[in-house]
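Asker: What follows is the residue order along each chain.
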Amino acid sequence: MTYRLIVLFSLGILTSAWTSNFAYAANDFSTALQSLQAVEPGTTSQAEIRGSWEVVAQGSAAQLTEILAAMRDTGPLAENWLRAAVDTIAERELQQSGKLPVKALEGFVLNTDQPPRARRTAYEWLTQVDTTASTRLLPKMLDDASLELRYDAVARLLSQIENASEETAKKTIYQQALAAARARDQMTLCIDQLEKLGAAPNLEKYFGYVTHWQVIGPFDNTAGVGISNVYPPEENLEFEKEQEGKSGAVAWQAYQPTADDLDDVGRVDLNSVVKEEKGVAAYAAATVVLASDQEVECRYETVNATELWVNGEQLASDDIYHSGGEFDQYVVPVKLKRGENTILLKICQNEQTETWARPWNFRLRITDGLGAGVKYDYASGE
Amino acid sequence: MRFLRPQLACLLMMLSPGVSFAADWPMFRGPNGRSVADTQTVPTEWSVTEGTNIAWQADLPGRGVSSPIVVGERLFLTASSGPNRNRLHVLAFDTTSGKKLWHRQMWATGRTLCHETSAVAAPTPASDGSRVFAYFSSNDLVAFDLDGNLLWMRGLALDFPGAGNDIGLSSSPVVVDDVVVIQSEAQGNSFVAAIDATDGSTRWSLKRPEAPSWSSPIVYDGEQEGKAVQNVVLQSSGNLSAHRLVDGKELWSLELACDTIPSPVFDKILYVAAGGLLALDVNNKPLDDALVWQESKLKAGSPSPVILGDEIFVINSGGVLTCGSLEAKRVVWRQRLGGHFWATPVVVGNYLYCFNSSGKCFVVERGEKGKLISEMEFGEDILASPAVANDAMFVRSHQHLWKIAN
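One line per chain: the protein sequences are A and B, in this order.
Numbering-wise (the numbering used here), the first sequence opens with residue 276 and increments by one.
Numbering-wise (the numbering used here), the second sequence opens with residue 2 and increments by one.
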């Protein structure tokens, strides 16, 4: 009996020690993981980040999904640190055992509550050890919140065109892919092919381009003052009232761009609508009507300097001229309310005289958080 | 041309090259940023299609116009991919076998728009012999040891909001004395930053002119009050300046209409592309009297000038290669190559290797006349400058990496 007590007592001490060590190590890992999650530029020293990362990167394969889950609501820098830890652990595990926890990884990939980039990371490691995973999982991902997973799913769908001999079947595939696509190259491919098949979509509606504008200008932008000068439209949108422009009175005019090709749908060419001039600024205003409150994105492209207001609140200012212009160049998150919402854009043209500095234009679309055009109407009378 | 007074009353600088790794190619344009490997030998002919003198070819996971760099028997390279160009890659290859040694990925934290011919992987990485520093057009900077172990990473667009260029950035970093110098100049937030190579912290940073520049900083040895100092030269569209590497303090500044793509070269004299070639003896002469040669016929296009001894080579925007004599201060010969060039040519042995953006390489023999020896096609766009190490030349396109060797 005494012997048993001694053994049990000893075991108790050992267990306690082991448990406390494990608890200490687990606390270290958890603390380090939380530190990595919280990494923001300027708030944590590089030495502290590195220290936390080293602890997390020593984790086991069993902790991969915990690290991936930590990507929720983190900043972009933290995401990269966490991903680097995942990659380090997974690579080490593969080198040592040749295995990864495939069931846990697949479960993580399929759990759409998890952060999109974390799920993508899990998918990339899963597909390294399970060559059937992409075939099984991608067909379910055409509407995935992870743009990278969705991209692969759409690519896989498009690859089935090879097996479609009938035009109807091809049309169906392209239409399905277009509905799912959010990447410019995939959208372009589908639109081009559907046009050839006589089933071109309505690009304005598909992309969500705003095409009912009121435009006024020119105002003065000599020496670039236009971006910081406050002209009347910024203070009050009075569409019936003339304003004092750069060289006299200017008035609002309704404008609806009519181009329906991919490169120019929705584009407002201010050189035509206002007039071609250097050192000027113009405003474009639109009132869109939503059926319910919605978090959206204003996505616009321009080679000119711009400022954006939505419902009177300034949301963006980019004093950049002729430095590239591309689809969805600027992406501004905004909350629109049920009913009428006013979008105001100031577009400034500078005084460079080179031929490539001639363009003075923009186009703007309203999308959801993944880039799909949202449905809206225009205020009556527009 | 107006000269501003130098910041310090007395400015004496000693001539010496910067850090040199004899067999390595550790940064953009190789040792000291000179694009010269005159003691090495690589083939003057090869065939990608037939494999002649192609030691190996490797697939790349994304686009890139950054040059490879070589440290010992390892080659390091960057690439970028994804529909939004926001997946960044750093890779390491064994230079002997072409085997991929490691591959690291991260997401861009800054802007990823760029010209259609370019890529987010545009700046060339740099190495100090034990670490690799990879910088991207998105203003992401990451450091690894040579085995691919992550050391630190920075999202400089987060530290400098508004920094970036929607045509793309391409200025390559330089690392000297445990300091990585990053030059990020464009409209909007424009800066130069000196990052501690050991832990990624910021040593110093300076606001820069808000105008685009794609040229890369260089570091040269100088002397100040009897002490050796490392100086960083920064070239912008309207200014050329030198700063102390240790703290960024400006040493001198010139209002100068510099070209914004080709980078400066230092070989006892500072050579700058500024509507032609300017040679400035900033070490031995007062700044007001530093101009030793100005030659409009040596106007560089996108490739940087290359200097070896008395010879200077430039390729202009018309695809014409011009050789000048620095001593005689005259043009010696011209050779029309054809095509548009982005890559800076490299001197290997007695030959100059020039790559146009369509993927054709012209091998020109140096000397009095500049004889065209051979032309080879890669069949893919080549915008990156090559690397030369251990008697081999490494060339990359958006899709592939080649080792050219006998």
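Don't take every hint at face value.
Said to hold, decoys possible - Cβ-Cβ distance ranges computed for the label pairs, FRET-style: (1) A/Glu315 to B/Glu117: 29 to 35 Å; (2) A/Asp418 to B/Ser375: 42 to 48 Å; (3) B/Lys228 to A/Glu315: 37 to 43 Å; (4) A/Gln333 to B/Pro62: 23 to 29 Å; (5) A/Pro608 to B/Glu117: 23 to 29 Å; (6) A/Arg367 to B/Glu117: 37 to 43 Å; (7) A/Asp418 to B/Glu378: 40 to 46 Å; (8) A/Thr463 to B/His401: 41 to 47 Å; (9) B/Val321 to A/Glu441: 52 to 58 Å; (10) B/Ser48 to A/Thr447: 43 to 49 Å; (11) B/Gly130 to A/Arg367: 23 to 29 Å; (12) B/Val321 to A/Asp643: 49 to 55 Å; (13) B/Glu117 to A/Gln589: 30 to 36 Å; (14) B/Pro62 to A/Arg367: 19 to 25 Å.
Hints were generated in silico from the structure; no laboratory data involved.
For every residue, glycine included, the Cβ atom is placed at its ideal position computed from N, Cα and C.
Asker: Go ahead and decide if the range 41 to 47 Å is satisfied by the Cβ distance of A/Thr463 to B/His401.
Answerer: violated (26 Å)
Asker: So the hint says 29 to 35 Å: do the beta-carbon atoms of A/Glu315 and B/Glu117 match that?
Answerer: holds (34 Å)
Asker: Within 23 to 29 Å: is that where the Cβ-Cβ distance between B/Gly130 and A/Arg367 falls?
Answerer: Hint holds: Cβ distance 26 Å, inside 23 to 29 Å.
Asker: Cβ-Cβ distance between B/Glu117 and A/Gln589: within 30 to 36 Å?
Answerer: holds (32 Å)
Asker: Please check whether A/Gln333 and B/Pro62 have a Cβ separation lying inside 23 to 29 Å.
Answerer: holds (27 Å)
Asker: Check the following: the C-beta atoms of A/Asp418 and B/Glu378 are separated by a distance inside 40 to 46 Å.
Answerer: For A/Asp418 and B/Glu378 the Cβ distance comes to about 45 Å; the hint holds.
Asker: Does the hinted range 37 to 43 Å hold for B/Lys228 and A/Glu315 at CB?
Answerer: Between B/Lys228 and A/Glu315, where Cβ atoms are some 39 Å apart, the hint holds.
Asker: If you check the beta carbons of A/Pro608 and B/Glu117, does the distance land in 23 to 29 Å?
Answerer: With Cβ atoms ~27 Å apart, the hint holds.
Asker: Could you tell me whether the CB distance from A/Arg367 to B/Glu117 stays inside 37 to 43 Å?
Answerer: holds (39 Å)
Asker: Do B/Ser48 and A/Thr447 keep their Cβ atoms within the hinted range of 43 to 49 Å?
Answerer: holds (46 Å)
Asker: How does the Cβ-Cβ distance of B/Val321 and A/Asp643 compare with 49 to 55 Å: does it lie in that range?
Answerer: Since B/Val321 and A/Asp643 have Cβ atoms about 52 Å apart, the given range 49 to 55 Å holds.
Asker: So does A/Asp418 sit 42 to 48 Å from B/Ser375, Cβ to Cβ?
Answerer: Once the Cβ atoms are compared, 55 Å apart, the range 42 to 48 Å for B/Ser375 and A/Asp418 is violated.
Going through the hint list in order, the structure does not satisfy hints 2, 8.
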